[in-house]
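Chemist: Next come the chains, spelled out residue by residue.
2 protein chains.
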Amino acid sequence: MLIDPWASSQVDYDKLVNQFGIKKFQDIIGKINEPSRLMRRGVIFGHRDYDKIIPLANQKKEFAVVTGMMPSGQMHIGHKMVLDQLKWYADKGATLSLPIADMESYAARGISLEKAKDIAINEYLTNYIALGLDLTNEKINVYLQSQNNLLKDLTFKISKRSNFNEMKAIYGFTQSTNLAHLYAPLTQVADILLPQIPENGGPKQVVVPVGVDQDPHIRLTRDIADKMNEEYKFKPPASTYHRFLTGLTGGKMSSSKPKTAIYLNDTPKQAEKKVKTAKTGGRESLQEQKELGGKPDECVIYEMLVYHLIDSDKELNKIHEDCKNGTLLCGACKARTSQLMKEFFEDLHEKQPEAKEIAKTLF
Amino acid sequence: MLIDPWASSQVDYDKLVNQFGIKKFQDIIGKINEPSRLMRRGVIFGHRDYDKIIPLANQKKEFAVVTGMMPSGQMHIGHKMVLDQLKWYADKGATLSLPIADMESYAARGISLEKAKDIAINEYLTNYIALGLDLTNEKINVYLQSQNNLLKDLTFKISKRSNFNEMKAIYGFTQSTNLAHLYAPLTQVADILLPQIPENGGPKQVVVPVGVDQDPHIRLTRDIADKMNEEYKFKPPASTYHRFLTGLTGGKMSSSKPKTAIYLNDTPKQAEKKVKTAKTGGRESLQEQKELGGKPDECVIYEMLVYHLIDSDKELNKIHEDCKNGTLLCGACKARTSQLMKEFFEDLHEKQPEAKEIAKTLF
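Read top to bottom, the protein sequences are chains G and L. Numbering of the first sequence is given in our numbering, commencing with residue 1204 and proceeding in unit increments. Numbering of the second sequence is given in our numbering, commencing with residue 1204 and proceeding in unit increments.
Derived from the structure by calculation, the hints contain no laboratory data. Computed from a predicted structure; not experimentally measured. One or more hints might be untrue.
Identical copies look the same in the list; a pair holds intra-copy or inter-copy alike.
When the alpha-carbon atoms are kept at most 25 Å apart in a straight line, the in silico DSS-like pairs for lysine-lysine are as follows [what the hints assert, rightly or not]:
| no. | residue 1 | residue 2 |
| --- | --- | --- |
| 1 | Lys1318 | Lys1355 |
| 2 | Lys1255 | Lys1290 |
| 3 | Lys1355 | Lys1320 |
| 4 | Lys1318 | Lys1363 |
| 5 | Lys1527 | Lys1462 |
| 6 | Lys1355 | Lys1527 |
| 7 | Lys1559 | Lys1407 |
| 8 | Lys1263 | Lys1227 |
| 9 | Lys1360 | Lys1371 |
| 10 | Lys1264 | Lys1295 |
| 11 | Lys1436 | Lys1318 |
| 12 | Lys1430 | Lys1318 |
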């Protein structure tokens, strides 16, 4: 099985755990002080080497988190997951490194560097700030790949350690893939290793929270970290893997398919309406649902509550139970969820204008 | 036929002219005001699009010359040819762009960037200055590839316009070639196009004087200039091709084979001695040579005079004739040539210390 980070689809998570050596997150969660909501709820389902991060997070010792964003479309509510994780890590005292993959969006999607910068500021950084991450904090380093010379120089050194065969095996590139695209994963490897170069304080533990479609980058990075060990003493980066948020129509939520996604720049009214049209885990008829109960684990609405809208685990469990035993029906549940979503968006929209002003000052 | 710039060998120049569309220099030399010694003597034997350069050089209008050096060994007297051409172009009012290919020497030869910088200063720049090129002139731009961000950014954009197939066809790369090496020719393409980017004043005529083994880079550059025309309006670079200086033992003069080359850092005594041991176009016996005459066109000694040591064409013609008709014998000719070489080196060595001090200040 080949995981292609440029063409995501629904994924068999158990298979990934078995075939690619990703470890189950549930086996280590007990060691984590104050695990995050996404950890507790199984949204973060897998990891590599996370046992090396736990003692550092528990004791608020030095470590770094790297997570990139590719500026190629609109930020949707599924992306908020990354943000929630970053806020948790910031509380644990980690340094955050947030590359904006404008070189990749140019190479893989043909988006100009100017356009990519614009998207990064107006879509991603504005919403990161509006959602509560203080990007002006000195422990948070946001950068455009194309403007980071240390990154480009590290990418060049990394490129000496790889070849076409390897890139083909991992990514399925062909001989007619443009060379910038062939090179893009090496830039991402460099993003992940960058916190460990001498200019950034040398070797340290790094964790990369990603969707599982990004695992090829993690494996490549760990391999290259090993190859460059003699010169840099890189520690292989740890990683965590989170499930995708299901799209409104049942497939994956996608930046490029408006009907599948709630965009963070949607109005509160649009967001509310989108929730109301989403696919639920309801039965064919009201009668049937009252008798058999709903299927919350196949419900987009329930997922919204799990990932984003309900803080209390106890309250969430109650919803899950009431749905399964037929007490809570889809109409009422949707009404409440769409109301919560509307409130979330009202709050977000109130914060966006000021956030945008700050975002503009970052480059 | 595949020309491999990383493994040069003796070359059938006529074949190149026929197969690769290189034009004969002798057909256009008549249009050039004050053609250089290397032009007049047929050392520069081929070109592409040089008819576009001629009116600019004749009228001292704006154009640029690009010629790189790869810092991987010692500079030898064969390399002086490039320098002589640069001096001629400087007199014609051209802007000179002199990239030092430290990224290529790292990628292809594993030479560290620090070591490459050292070689560039002590071998190349010192001797360029000592041989009379004023590198502090504002119309001369010497740079290390690894320190030139405009270059690296242009290389990235170029990489989007090429793929593995193309690089394999031109350079014979395999799927296990390291990706830095695969990328190195694109950096050279960027070196050649760099004088034409908006930051450097926009589109202009550029000429690249090279040994014929570098023609793959020229063809690739002209192809990519065309592909990027819409954005940059690049003019396809012109080029000239010079013969290699024959090595002392008859093959190619090589930086890495001490017996074949006179190094610019050799002492005058060493240089003198090397000339005395060089292969000549002499006959088996003195008797035979007096009867049949010598073969100056197969003589390393004569080549030294043509390329480097005799200014006057008239004087050179006389030597050629006297050799062919058996009047000038190898003993006397060698004695004179080695004396001229010794004097050349005495002058060079006197200038090297001050030149080195200037060279150190360039980066």
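Chemist: Would you mind marking each hint as holding or not holding in the structure?
Modeler: These are the hints, each one checked on the structure:
1. Lys1318 to Lys1355: both (20 Å within a copy, 20 Å between copies)
2. Lys1255 to Lys1290: For Lys1255 and Lys1290, the Cα distance is within 25 Å only inside one copy (20 Å; across copies 61 Å).
3. Lys1355 to Lys1320: This pair counts as both: shortest intra-copy Cα distance 17 Å, inter-copy 19 Å.
4. Lys1318 to Lys1363: between (30 Å within a copy, 17 Å between copies)
5. Lys1527 to Lys1462: Cα proximity of Lys1527 and Lys1462: none, with 28 Å in one copy and 87 Å across.
6. Lys1355 to Lys1527: neither (53 Å within a copy, 59 Å between copies)
7. Lys1559 to Lys1407: neither (33 Å within a copy, 41 Å between copies)
8. Lys1263 to Lys1227: Classified as within; 24 Å inside a copy, 72 Å across copies.
9. Lys1360 to Lys1371: Answer is both: 19 Å inside a copy and 22 Å across each meet the 25 Å cutoff.
10. Lys1264 to Lys1295: For Lys1264 and Lys1295, the Cα distance is within 25 Å only inside one copy (8 Å; across copies 64 Å).
11. Lys1436 to Lys1318: Result: close only across copies, 21 Å inter versus 37 Å intra.
12. Lys1430 to Lys1318: between (35 Å within a copy, 21 Å between copies)
Figure legend: structure checked against the earlier numbered hints; hints not met, in rising order: 5, 6 and 7.
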